[in-house]
Structures are given as structure tokens and as C-alpha cells.
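Colleague: One line per chain: the protein sequences are A and B, in this order.
In terms of my numbering, the first sequence opens at residue 18 and continues consecutively.
In terms of my numbering, the second sequence opens at residue 49 and continues consecutively.
There's no promise every hint is true.
To be verified - Which bits of chain B does chain A cover? Going by a derived footprint, with three or more residues having C-beta under 8 Å, they are:
{"no.": "1", "stretch": "77-91"}
{"no.": "2", "stretch": "148-157"}
{"no.": "3", "stretch": "201-215"}
{"no.": "4", "stretch": "255-264"}
{"no.": "5", "stretch": "321-330"}
Hints are computed from structural coordinates only; laboratory data are not their basis.
Just so it is clear, the structure is predicted and the values come from calculations on it, not from any experiment.
C-beta: ideal position from N, C-alpha, C; glycine also.
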Amino acid sequence: MNLQFIVDGLISGSLIGLGAIGITLTYSILRFSNFAHGDFMAWGAYGTLSVVAAIGALVGTTAPIGALSFGWPLIAATIIGMILTACLALLLDWLLFARLRDKGQSIIVVMASFGASMALRSLLEFIFTSSPTYFSRGIQMAIPVGFGIRITPDQMVMLATTVILVTGMHLFMSRSQTGREMRAYSQNPALARVVGIDTARVVRATWIIGAALACAAGVMVGILVQIRPLMGLDLLLPMFAAAILGGIGSVPGAVLGGLIIGLSEAAAVQLIGAEWRAAIAFAILMAVLLVRPMGLFGRAER
Amino acid sequence: MIDLLGYGAFFTSSALIFGLIALGLNLQWGQTGLFNVGIAGFVAIGAYTSAILTTPETADRIGGFDWPILAGWLAAALVTAAAAAFTGFATLRLKSDYLAITTFGVAVVVQLVALNAQSLTGGPFGVAFIPRPFANLQDQPALFNFINLGVIAAVTVAVYLALEHLSRSPWGRVLKALREDERAAISLGKSARSYRIQAFAAGGAVMGLAGAVQAHFIGFIAPNGYLPTLTFQVWAMLMVGGSGSNRGAILGSIVVWAIWVGAGAFSAAVVPGDWQARAASLQIVAIGVMLCLILLWRPQGFFGPNGFLGKRRLK
Numbered sequence: 018m019n020l021q022f023i024v025d026g027l028i029s030g031s032l033i034g035l036g037a038i039g040i041t042l043t044y045s046i047l048r049f050s051n052f053a054h055g056d057f058m059a060w061g062a063y064g065t066l067s068v069v070a071a072i073g074a075l076v077g078t079t080a081p082i083g084a085l086s087f088g089w090p091l092i093a094a095t096i097i098g099m100i101l102t103a104c105l106a107l108l109l110d111w112l113l114f115a116r117l118r119d120k121g122q123s124i125i126v127v128m129a130s131f132g133a134s135m136a137l138r139s140l141l142e143f144i145f146t147s148s149p150t151y152f153s154r155g156i157q158m159a160i161p162v163g164f165g166i167r168i169t170p171d172q173m174v175m176l177a178t179t180v181i182l183v184t185g186m187h188l189f190m191s192r193s194q195t196g197r198e199m200r201a202y203s204q205n206p207a208l209a210r211v212v213g214i215d216t217a218r219v220v221r222a223t224w225i226i227g228a229a230l231a232c233a234a235g236v237m238v239g240i241l242v243q244i245r246p247l248m249g250l251d252l253l254l255p256m257f258a259a260a261i262l263g264g265i266g267s268v269p270g271a272v273l274g275g276l277i278i279g280l281s282e283a284a285a286v287q288l289i290g291a292e293w294r295a296a297i298a299f300a301i302l303m304a305v306l307l308v309r310p311m312g313l314f315g316r317a318e319r
Numbered sequence: 049m050i051d052l053l054g055y056g057a058f059f060t061s062s063a064l065i066f067g068l069i070a071l072g073l074n075l076q077w078g079q080t081g082l083f084n085v086g087i088a089g090f091v092a093i094g095a096y097t098s099a100i101l102t103t104p105e106t107a108d109r110i111g112g113f114d115w116p117i118l119a120g121w122l123a124a125a126l127v128t129a130a131a132a133a134f135t136g137f138a139t140l141r142l143k144s145d146y147l148a149i150t151t152f153g154v155a156v157v158v159q160l161v162a163l164n165a166q167s168l169t170g171g172p173f174g175v176a177f178i179p180r181p182f183a184n185l186q187d188q189p190a191l192f193n194f195i196n197l198g199v200i201a202a203v204t205v206a207v208y209l210a211l212e213h214l215s216r217s218p219w220g221r222v223l224k225a226l227r228e229d230e231r232a233a234i235s236l237g238k239s240a241r242s243y244r245i246q247a248f249a250a251g252g253a254v255m256g257l258a259g260a261v262q263a264h265f266i267g268f269i270a271p272n273g274y275l276p277t278l279t280f281q282v283w284a285m286l287m288v289g290g291s292g293s294n295r296g297a298i299l300g301s302i303v304v305w306a307i308w309v310g311a312g313a314f315s316a317a318v319v320p321g322d323w324q325a326r327a328a329s330l331q332i333v334a335i336g337v338m339l340c341l342i343l344l345w346r347p348q349g350f351f352g353p354n355g356f357l358g359k360r361r362l363k
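The shape of chain A in the complex, shown without the other chains (with noise of 0.2 Å):
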């Protein structure tokens, strides 16, 4: 068997994790599972791409950095998209989900982010239709590292900046006040709010910190794969996977499941054929509620 599937599956299972982390906060802090968090990642790379767009526009072409394939535009215009993807999913939860949260049936909350998710993702294919989209088309050489694998440069600073990311969102939510705040509120939302936590603050950050990721990871889609409406539609099977496996409200779980799950759809690639690969997230969400629902590191549901 060629090990190149690893390398596939480490970069296919960190876009997953990434994913997931937003679904597992949402889970654990909100109480609802998000439809529309695919829909995030879609709306994140259509508005970076439009930011690099607009840069374009206005200084001309720039050289890209070193071996990848964009330049300063791409990492600028990244930061704006999370911003702007944030915004979203403030503004979303405001419109919607605020309010019918409030009348307290968490299931309703979940069927009005099924239709929002549809009607976000077919307003981005009215805006910029089915076809796919490219932030370059330039091809990339794959460099050999030894063992039968390659790697493009675009790969590498796509593991590196998810391994920066993971490690950020973990020191946040073990070291700062709003993290801990965070996690008060996801284990007991009386108790949170008795001891003076400011609940709307820490629905906010759920919701910047889920968007903003869910940007990263569909600008990374964007970067290695393309760019499509259907690109968060076809990821959120393997996120809510990944979040399950990882146990619900674990931000190191919702990683190593999406890693899990990357690396299975990689071998699986390999071994059944990639007309598959969508079953194999499936496969283990059913293993996982069958044999261990509380996932890897989570708590028992009461």
C-alpha cells in the first residue's frame, strides 16, 4: 500500500477538524447541532476570494510567496474573510437562532439551521453559480520526502498553520477567561450564569471562533482543492463524525476524530475505490453511536 495516503489524510482530516471544532462548541455551548456550518466554510472561501478579488483590483499582481502558490493578498484577505464570516453567523444568530432558542425547543433550533443552510448555500450559486472556482490554477510540484510520499509546499504551510490554530484554540479555551467562561457555560448553564458569567458574551465567542475556523478551513478547501457551493454540504457529514467520535465539546476530540476520519478516507481511497470515500465517515458515525455515543473524550449524555 502506498503511503502517500497519509499525507492525504493528516491534510483532508485537519480541514475536517478544523470543521468540527465549530460544531462541537456550538453543540456543547449553544445545545444545538449547526447544518449551516458547512455553509460557513462555503460562504468563508467566496468571501475571501472576493477580498483577493478587490486586492487585486486595487494594487495589481502580486508575486506569491517563496514556493506556494499566492501571496500576501491571500493571507490578508483570509483575516478579513474570518471577520466577515463571524459577522455571518452574528448576524444569523440574531435574525434566527436567538430568538427561537429562546422559546427553548433545541430541535427547532436545528430544523431552522437545515433551512438556513440551504438557503445560504443556494444564494452563493445564485451569486456565483454551480461551476468551481480557483484561488490559482497554477500547478504545484509535489516534493518527495522519502517512504513513496510527496508534499506540495502549499500542503506543508496548510498542516503548519492548522497545527497554529489547534494550539491556539487549545490554549484559549484552557487559559484565558473567556475560554474558561466558555467551558463553565458548556457543563452548567445555571451555575454559569449564578457565578456571573456573561452568557451573551460567551455566545458571541462561540459563534466568532466556530465562523472564523470554519472560514480558515474553507479557504484551505479552497487553496488544495477548489471552490464550490457544495463544498461545506459535502464536508458536514465527516465534521459532525469527527465531533461525535471526538466526544461533544472537546476541541483535542473534534481534531483527532477529523484526523481519524481523514486517514480512513484516505486508506479507504486506496483500498475501495474514491467513488466511496463519502461512506466512510458515515461507517464510523454508526460504529461510534453504537459501540461508545460518548465518543473518545466525552462525557456520558444525562
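Starting from the known structure of chain A, arrange chain B on it as the hints suggest.
Modeller: Relative to chain A, chain B alone:
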């Protein structure tokens, strides 16, 4: 004139098939509170089951058993019920979100099997030559359309009456008790999980039957007939009609299907050719926004017992 009537029959038949799916969803969501985001998958299971069993023998794929249509429909309902029961079995001891996520996965996997298991499902080209009821009348289009409408209406009425009966039966009352006050129902010795699995399977059976009826009405099925848009349309239909009400499910389906077809015809007439695909996306955006607005402002829907067409009752 006869053309217009024929079209009316065709439109009503399509709408009633959606009504059937919505009836199945109403049993799952409206009566039991089980959230199914994979409707398209369950409908597809029914459609493919019946199609594989009833088509004449073909060389290039498994199946073509030439069964009678009714046997195909029955098998479709049973196979879909089994798939739904397994989904429920795996998830219904957990929080309701897990069922939602798993049904979403079911739809993805069914779509994948339909596309890739060429030897069973015909792959992207689907299954053709599915026998249509009263096919010997096909040379008289008007009569044929009306007889098909009659068959579909008869199935819808039968399912409607059965579901109304079920919801008043002791079984239906347990579902209602579980929905209203789960702890009280459990303390009376009713197993919440077992009843929910039964309701989910029964709703799945209705969806599978609807898929089979649709497959035999059109005569041809392909994977792209079972995309998430279908799930979404049926949800909009039930929410417009008023979840919990079987009458609302059927009326909502007719209204939403009329809006959908009308909007499609309007954009086909007004929108220039290269913008047609975009107009179609806008149609879905509109339905999504409508669904959210109904959830926000009118969660009881329009045609249920609490709707403006029904009797207003104080709770």
C-alpha cells in the same frame, strides 16, 4: 381543454405523492417529535426497491424480477421501514440531534449507493422501464392520467385514514403522551425508545411507499431525483400545513407544490436562458427563508387544527 385537465391531473398526482411523503414525516415529526433530515434517502430506498423488483429482467444489472406492482410497493414499504428502524435503533437512546445527523448520513450514503452501485441501481443513469399501473391505457393520455390520479389518490386516502386511525388508537395516544410528558409516560411503563423506533419505522414505511408510487408514476428514477432539495421541500410542506396534522400535511403539500411549480413556470417565462439556473437557486433560497419565517412566527402552520382555515381552539 382536455390538455389542461390532463395537466391538472398530472399536477395533482405529483402534489399528492409529496403529500404522502409529508404524511410519513408528520408521523415522525408531528406526532412523535423525531427530526428526519434524510427524507430523500428513505424515499429513494422505497423507489429503488420497487423499481428493482418490478422491472422486467435486464442484462446489465441485478434485479428485474418482474414482480407485480403492488408486491413492489409492499416490499418498498417494508425495506424502508427496516432501514428507518435500524436508524432509530442506533440513535434513539441518545439526544434527538443524533437522529438528525444520522438521517442526514443515510441520505448521503443512499445517494452514493444509487450513483456507484451500478450493477444494482444502474448508476447515474438510473432505472428505466418501471411498469406503470394500467399501462395498457397509455395510448389514451387523458384517461391514463386520470386513472393514475385515481390510483395515487386512493393510496393517499388509505394512508391518511390509516394514520388518523393510528393517532387515535392506544398506540397513537402513547406517542402523544411521550411527546407531552415523557417522564409521566415512562413512569406508566411505556418504553420511550421502543415506541419512537416503531413510529420512525412506520413513518419510513410511508415514505418508502411514496417513493415507490412516484417511481411507478414517472416510470423512471435516477439519483438526482433524491437530492437534499427533496427533503427540504417536504419539510416546507409539512411546516406550511402545520405539523401534527395529517390534513395539514396534504394541504400544505398541494399549496407548496403549486407555489414551487408556479415560481418555476414564472421564472422560465421571464428569466433569460443563461440565468435560469440562478433563478432556480433563488427559488430554493425563498423556500428556505419561508421555512425560517414560519418557524419564527407561525410554528403551528396554516392548515392544521389551529390554522386560519381550521377551527380555532383554545388550549
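Colleague: Hints first: check each against the structure and report whether it holds.
Modeller: Structure-based check of each hint:
{"no.": "1", "hint": "77-91", "result": "holds (count 3)"}
{"no.": "2", "hint": "148-157", "result": "holds (count 8)"}
{"no.": "3", "hint": "201-215", "result": "violated (count 0)"}
{"no.": "4", "hint": "255-264", "result": "violated (count 0)"}
{"no.": "5", "hint": "321-330", "result": "holds (count 4)"}
Violated hints, listed in ascending order, are 3 and 4; each of the other numbered hints is respected by the structure.
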